[in-house]
Amino acid sequence: MIEVIDLCKSFGQLEVLRHVNMRVAEGEVVCIIGPSGSGKSTLLRCLNLLEQPTGGEVIIDGVSLMDKKTNINEVRQKVGMVFQLFNLFPHKTALENITMGPIKVKRMSKQAAEELGRTLLAKVGLSDKADVYPHQLSGGQQQRVAIARALAMQPKVMLFDEPTSALDPEMVGEVLAVMKDLAREGMTMVVVTHEMGFAREVGDRVIFLDEGRIVEEGKPHEIFSQPREERTRAFLSKIL
Amino acid sequence: METVIRTFPVLLVGAGITLGITLISVANGCVLGLIAGLARLSKRRFLSFLATCYVDFFRGTPLLVQILIVYFGIPYLLDALQKYLMAHYGIPRLFSSTDIPRFWAAVLACSLNSGAYIAEIFRAGVQSIERGQMEAARSLGMTHSQAMRYVILPQAFRRIIPPLGNEFIAMLKDTSLLSVIGFEELLRRGQLIVGETFAVFEIYITVAFLYLIMTLSFSRLVDYTERRLKTRDRSY
Ligand SMILES: Nc1ncnc2c1ncn2[C@@H]1O[C@H](COP(=O)(O)OP(=O)(O)O)[C@@H](O)[C@H]1O
Ligand SMILES: [Mg+2]
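Going down the list, the sequences are from chains A and B.
Residues in the first sequence are numbered consecutively from 6, following my numbering.
Residues in the second sequence are numbered consecutively from 336, following my numbering.
Simulated from the structure, these hints should not be mistaken for lab results.
Note that the structure is a prediction, hence the values are computed from the model and not measured.
Where hints are given, some of them may not hold.
With the C-beta cut set under 10 angstroms, the calculated list includes, among others, these residues of chain A facing chain B [said to hold, decoys possible]:
1) H24
2) N26
3) F94
4) K109
5) M158
Derived lysine-lysine pairs resembling DSSO-like cross-links, with alpha carbons at most 27 angstroms apart [said to hold, decoys possible]:
6) K378(B) / K109(A)
7) K418(B) / K97(A)
8) K565(B) / K74(A)
9) K73(A) / K565(B)
10) K134(A) / K565(B)
Virtual Cβ for every residue (Gly too), placed ideally from N, Cα, C.
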């Protein structure tokens, strides 16, 4: 589903990603962990070209993102993204946030989009919040609307960039629950997270990124119980 | 005092003209400003360069000079051009007189000036929207212009209402400069009355008072609109 080959990304002199190789199979849930500044967000953002890679190749569902002929807007419809700070549209209600993509990008009728929107709101447990504006919602609720917004485009892959790290602790669970459901339904997911419980329980694979390189990857229990690399061990001892 | 009462209707019409020319200029300025503001933000270097030149020129030179250039300078230039074409290429004159009517000169100068200020207001408004909004919209597959139209501009418009109101008030006062080309707005009418009646103090104070009523009521209106938008949606 996702293939990353020799991906490099620099901001000026700063090399943020150094020759990253990674594959994500259909239906797989891959969790990316690593210290702050290690390039996790940048890696994720290269997967839908919010950042333009400086080298290498990214292939999503058989389509090369680096190919000049690729219509990036079409690829992005297949790749949903959930942001750390939700980034809901504050001038739109929860339902309008969800229906905007289908209506404007897929040219779906308003009625069909609203039906889809309500189904998705129910799925994330917010049926009663359709007509509420983002600022009237708690952080956890906002993030669930943001997940529904991304799902409304019926993506094949979902990218999550620390979806719970801006939330109060008591709201983390509700968001992770929605993500678990999604994983169970077979969604392909790449999740940058510090929630080791989630990675252990839901992740098929964990990737440890440090200084723009994949230092170690493997099954969650392998990485968490017997990390092979010293750097992984050091990182894990700090956060566990 | 009777002078004031007797001539008040004339001044009132002048105030109406001042208000009208301001409304027209700021409305044109909004269109010009939106175009120039977005052009300045454009990745196309040439477009953004052109817009920068426009904005810099009209913000960096006095409106008074701009009015004089439009009213006296442009007709002179056109006339010279026609003479040149006639003399060298035998092209007949297109206009018998190249004079611009005062009204159109006034509209042109004030609109161009207002457009430059409003371009900066739009630009600042768009730039004040968090980067995450554009990214969220693009990640749904929207094109850059769709994201601008449905996500960025609607939010930016609400934020620029106060500075746009200030621009309107500034322009309303600055239209008094149009008196130098004899355009009969409020101040010019006051000057003409003073010329006849010599009631210098009374007339000018009345003129000032009329400007004040217009600017104060308009700033109240802006405050009110702003408050209403805020209560409807507290996140702004
Ligand atoms: N747009 C940018 N311009 C310059 N430097 C950036 C930009 N985005 C990220 N960086 C830098 O790249 C490095 C990796 O950032 P990021 O991918 O956000 O790390 P992480 O998500 O792992 O914390 C950091 O040093 C950050 O300062
Ligand atoms: Mg990050």
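Each hint, compared with the structure:
The criterion of a C-beta within 10 angstroms of any C-beta in chain B is not met by H24(A), whose closest approach is roughly 25 angstroms, and the hint is violated. Interface hint status for N26(A): violated, as the beta-carbon distance to the closest one in chain B is roughly 24 angstroms, over 10 angstroms. A distance limit of 10 angstroms between C-beta atoms decides the matter here; for F94(A) the minimum to chain B is near 6 angstroms, and the interface restraint holds. Among the interface hints, the one on K109(A) holds; its C-beta lies about 6 angstroms from the nearest C-beta in chain B, closer than the 10 angstroms criterion.
The interface hint given for M158(A) holds, since its Cβ lies 6 angstroms from the closest Cβ of chain B, which is under the 10 angstroms cut-off. Using a Cα cut-off of 27 angstroms, the hinted pair K378(B) and K109(A) holds, with the two alpha carbons roughly 24 angstroms apart. Proposed proximity of K418(B) and K97(A) is contradicted: the alpha carbons are some 59 angstroms apart, above 27 angstroms. Simply put, K565(B) and K74(A) have alpha-carbon atoms about 45 angstroms apart, too far for the 27 angstroms limit, and the pair is violated.
Straight-line distance between C-alpha atoms of K73(A) and K565(B) comes to about 44 angstroms, which puts the hinted pair past the 27 angstroms bound. Taking the CA atoms of K134(A) and K565(B), the gap is about 21 angstroms. The hint holds against a cut of 27 angstroms.
The structure does not agree with the numbered hints 1, 2, 7, 8 and 9 stated previously, though it agrees with the rest.
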